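First to last, the protein sequences are chains D and B.
Reading the first sequence from the start, the letters are residues 135 to 421 in my numbering.
Reading the second sequence from the start, the letters are residues -16 to 373 in my numbering.
Source of the hints: derived by calculation from the structure; they are not laboratory data.
These numbers come from a predicted model, not from an experiment.
Among the hints, erroneous ones may be present.
As the list claims (entries may be wrong) - Covered by chain B, per the in silico footprint, the following chain D stretches (three or more residues, Cβ under 8 Å):
| id | region |
| --- | --- |
| 1 | 144 to 150 |
| 2 | 239 to 251 |
| 3 | 262 to 276 |
| 4 | 334 to 345 |
| 5 | 378 to 387 |
Claimed, not checked - Facing chain D, from chain B, some residues (calculated, C-beta under 8 Å):
| id | residue |
| --- | --- |
| 6 | Ala37 |
| 7 | Phe38 |
| 8 | Gln41 |
| 9 | Gln44 |
| 10 | Asp170 |
| 11 | Lys211 |
The C-beta atom is built at its ideal place from N, Cα and C for all residues, glycine as well.
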Amino acid sequence: MFFDQLVNGLTLGSQYALVAGGLALIFSVVGIANFAQGEFYMVAAFMIYGLESAGLPYLASCVITLAGMAVFGLIVYGVAIRPVTGRGWETQVVSTLAVSLLLTNVAIAGIGSLPRLVHSPLLAHTVSIGPTDVSAQRLLVFAATLMVLVMLGGTVKFSKIGKGMRAVSQNRGAAVIMGIPVRRVEMTAVVIGCILAGVAAVTIAPLGTVTPTIGAPLTIKAFAAVVMGGFGNISGPIVSGLILGLVEAFAGGYISSAYADAFVFGVMIAILVIRPRGLFGRAVRAA
Amino acid sequence: MRHTRRLTALAGMAVAAGALPGLIAACGPGAGTSSGGKTLVTVGVAGSFSGATAFYGQEAQKGADLAVKALNAAGGKYRYKVVTADDACTPDGGASAYSDLIYSQHVDVILGSPCSASTLGGIVTLKRAQVPDLVVSSTSAAITAQAGVGGNPYVWRMNVNDATMAAAFTKYMHDHSVTKLATIAVDNDYGRGAITFFKADAAALGISITDSEYYTQGAGDFRTQLTKIHFSGARALLMVGSYSDAVVMLEQERELGFRIPLYTRGDVVSQPFLSLAKDPTLGEGTVEATNWDPTYAAYPGIEKAYKAAYGSDAQSTSVQAYLGVQLIAKAVAAGGGSSAGIQKALSSIDWNSPLGPVKFDAHHQAHPDLFINTFRSGKIVQLEKLPTSS
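Let's have the full structure, built from the sequences with the hints guiding it.
Shown next, in the form of structure tokens:
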């Protein structure tokens, strides 16, 4: 059973890692803990559901959803994030919480709370990995996680916008003085964060059901991954998401599924006790 | 000037004193107000209208609205109205929703809640307000234990409860040669409560429980639990949850490449399952015990009316709410539209309903039939209809 739960844990952790990546990026650059990241996932999931229901094939629906999430990111930045950057953390928390509640309740009222399914042709194909079978869709989630890890890391390290993001992350005031277009950098981070929520949704949504409240549990686990990985960096939370998935799978497999979440958060707390900055954390921004 | 002020103050006090009895009356339950020459009966639907379980309340309201529409169209000396309150499927929410229905919305009778936790939280408000509550969907046996003789006289339950369903269904599994059973249930009061009864009944019949798993409602990944169940040596699986979770779980069972006979509680063998799953063979052979008829054969009119009104398949909560309003109408016809009249009439109700006989025992529990259904060739087939009255 060990190998089976190992595979289960990595595929489960990939889901947390993808959501955590977007959350970590927005926090690192903009300095805002985005409590609506799970709801961004939910919006994207309903987008792809709607496109498929209209008759579009899965791949086309994915592409349009990602484009749609980029536009959504622009709107969210303009309405809910830009007005509160530079304000106190309490205002920022309330702003993103408000977005979260608004999106959830608009979805419940407008679309209804009955579950929907997103269909993908990859669900019908399974791949044997050792003694266990995994659907191609689940492998896509894992592949997307690795791709995000590499591309995001590369973008932040080597691209001009990435350097701008690092500069803003380290010292916003100094970045302004140096002529870095801080607002544009922050907006780009939010847009990428929303696109990452879209990547998570188009790959993960076919594995379960889509409801207006699917975002909240993902946000909680994503926050756990970010806290465990360390605020201020992006790849740490992604790796931590994978670790959390493994902990959940092994705890559920060898102890009890009733206490799997307790183990997950217990491990998070234990890591913070030993290493308060998180596994890969560094000091958060000075200003 | 002082004389005028004193007179004004006295006049104000007189007006307030005159209005006080009316204000006090308005703070309590409804008194069957008149509306266009007919007596208005206000039915309060308590249910979850927010969060992950919002469909419970929404479906209950849809069913109640349809029934009220039919009753009002049929005419008579009563006119019915439905109002709602959100209980968020929690005990606190239930207390709040019931209070809102009684003291703010002045209902004559409460229909609710589909969530057992909310019903248990809300029924504490009934005694003081003297408003009857007709439970039509909550399945917790604790509700029956607290109702009627020695308990809350204002709680009435029309549907079969967890204890009765577990006893009958476990015997059914035993009669069909189930010897090694694993369980998986939604991790809340409903799931845990139901599994407790199943485990006790299984032990009494010699069925070995090889593994017992739980999951969070709406969870997308069952692989961890299914893998463990597979390695436990179970020869059958009992699931207590919802049809949407069952669709996801069965797809992942298929993904893992193993399948054992599935027994379910939770509207899995239903039209909504078939609509969601798209593949009609996904749930083939699943056997479910339930307190309503998912083939709709017992009440074709309700299913047609629901589909015409809402464009989708009626769920158990909507059908149960519909029949609950019909039962309330019978009580109103016998006892009048006030809370006291409905309360008195419920005690002598004897109705051969589409779900079976509805006659309340000392604990205000009715004993309608238990339906055993399965999927066969992508269609719902009723295997047995078991009476639950002794």
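Verify the interface restraint on Ala37/B: the C-beta must sit less than 8 Å from at least one C-beta of chain D.
Where the cut-off is 8 Å and the nearest Cβ of chain D is about 4 Å from Ala37/B, the hint holds.
So, Asp170/B near chain D? Judge it on the closest CB pair being under 8 Å.
It holds, given that the least Cβ distance between Asp170/B and chain D is near 6 Å, below 8 Å.
Taking the least C-beta to C-beta distance, is Phe38/B closer than 8 Å to chain D?
holds, 4 Å
Tell me if Lys211/B is really an interface residue toward chain D, meaning its C-beta lies closer than 8 Å to one of theirs.
At about 5 Å, which falls below the 8 Å cut-off, the nearest Cβ of chain D leaves the hint on Lys211/B intact, so it holds.
In terms of beta carbon proximity below 8 Å, does the region 144 to 150 of chain D have 3 or more residues touching chain B?
Since three or more residues must qualify, the claim that chain B covers the region 144 to 150 of chain D holds, with 3 doing so at under 8 Å.
For the region 334 to 345 of chain D, do three or more residues have a beta carbon lying closer than 8 Å to a beta carbon of chain B?
Holds, because 5 residues of the region 334 to 345 of chain D bring their Cβ atoms closer than 8 Å to Cβ atoms of chain B.
Per the coverage rule (Cβ-Cβ under 8 Å, at least three residues), is the region 262 to 276 of chain D covered by chain B?
holds (count 5)
Against chain D, is Gln41/B within 8 Å by beta-carbon distance?
Where the cut-off is 8 Å and the nearest Cβ of chain D is about 6 Å from Gln41/B, the hint holds.
Annotated coverage of the region 239 to 251 of chain D by chain B, confirmed only when three residues or more have a Cβ within 8 Å:
holds (count 8)
Quick one: see if chain B covers the region 378 to 387 of chain D, three-plus residues with Cβ-Cβ under 8 Å.
holds (count 4)
Would the hint on Gln44/B stand, with a C-beta cut-off of 8 Å toward chain D?
It is violated, given that the least Cβ distance between Gln44/B and chain D is near 12 Å, above 8 Å.
In this structure, only the earlier hint numbered 9 is contradicted, and the remaining ones agree with it.
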